[in-house]
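In full-length UniProt numbering, the protein residues as written are 1 to 338.
A few of these clues could be false.
[Claimed, not checked] Restraint-style ranges between C-beta atoms, simulated for each label pair:
1) A243 - C293: 49 to 57 Å
2) A332 - S259: 30 to 38 Å
3) P271 - E92: 19 to 27 Å
4) E85 - R268: 52 to 60 Å
5) E85 - D38: 24 to 32 Å
6) P171 - D314: 31 to 39 Å
7) D241 - L301: 22 to 30 Å
8) A233 - I97: 41 to 49 Å
9) D215 - W235: 17 to 25 Å
10) W235 - L194: 23 to 31 Å
In short, the hints are calculated from the structure, not lab data.
As the structure is a prediction and not an experimental result, all values here were calculated from the model.
Quick reminder that beta carbons are idealized off the backbone N, C-alpha and C, glycines included.
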Amino acid sequence: MRDEPLIMSDPLETLGLDQAQTALYSAVLRLHKATRSDLAQAMDGPIEKVGRQLDDLVRLGVIDEHSGQYLARHPAAALGRLIAERLDRLAEESRRIDSALGSIRGLIRDYDAGRDYRSGPFTVEMARGADILYESVVGIAVQCQTPPMPLLTAVPDDRTMTDFVRKFADPWIDAQKRNLLTVQAIIPVSSLVLPGVRDQLTRLTEAGGEVRTMDRVPSWFMAAGPEMAGLPAHWGGNLPDHAYNFYLVRTSVVVGVLSSLFRELWARAVPLPWGRGRDGALQVLRLAAQGMCDDSIARQLGVSVRTVRARFADAMTELGAQSRFHAGVEAARRGWLR
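Assemble the whole structure, with the sequences as input and the hints as a guide.
Here it is in structure tokens:
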């Protein structure tokens, strides 16, 4: 089979000039100023056809016409205008393509929803054991196509937090340092006083994680990336009570629901009571809770009274309190004074 000859297109065709117009434009450039008759003779063509092509070149703005004379514009100015118009059209076309891509993403979601509906139950896997739970998170993060994988998790009980800090925190912190995942966790405020919790959570947050507390977290769950969710065997129960049996559900619908629930809880949760300059505020609140006045607190901490009052102001701002008394009550409610 013989290869077809490669036909080279006119470079100026991209700007709206066909081959005949390009040839005529070149003739105008060489003559610089000419009549229709002059150009018809130069092109060896009928004057009517050449006249129509000249009208097109005038309309495109690459030549000028004055009193029957056709004048060549400088190519840089003439073609630059056509190039600018072409770029504007390309930019508009690019915007339309971006809009079409947005529509396609919506169609893909509809397709996935229909496929899940037709294929029956969602893909659900029962997993057993704390090792499987914590190792599966790192495994999912390693397989994530666009790291870091966002991990949203809610922990309702002190036992799970104890197991986490004793055995499983280090791999998660290391994965976060390696930019494999980003952790956001909501934990019960009661767990802050457990041995080792403060140190491990400090390391986690220093590596880029975020942790907030609630008086009561409704249940354990997690959303790992866009398509993996973890659910307890019984909603509201603690994982250790069920030997760390849990479900891994692979569907974006469930992930979306749990992500929305997490965001609602996150908005109601409060930051950790240490780090980012909170230690000084905690010191004055704890000493004030013991009945000490500003002068006594200043002597105890070895700072000025002005510094003590500035720290009280920081604490009130952090806690959204209108008075020192209100700040003390709110700090106690959040477990900051334990």
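**Report entry** Hint check against the structure, violated hint numbers in rising order
**Finding:** 3, 7
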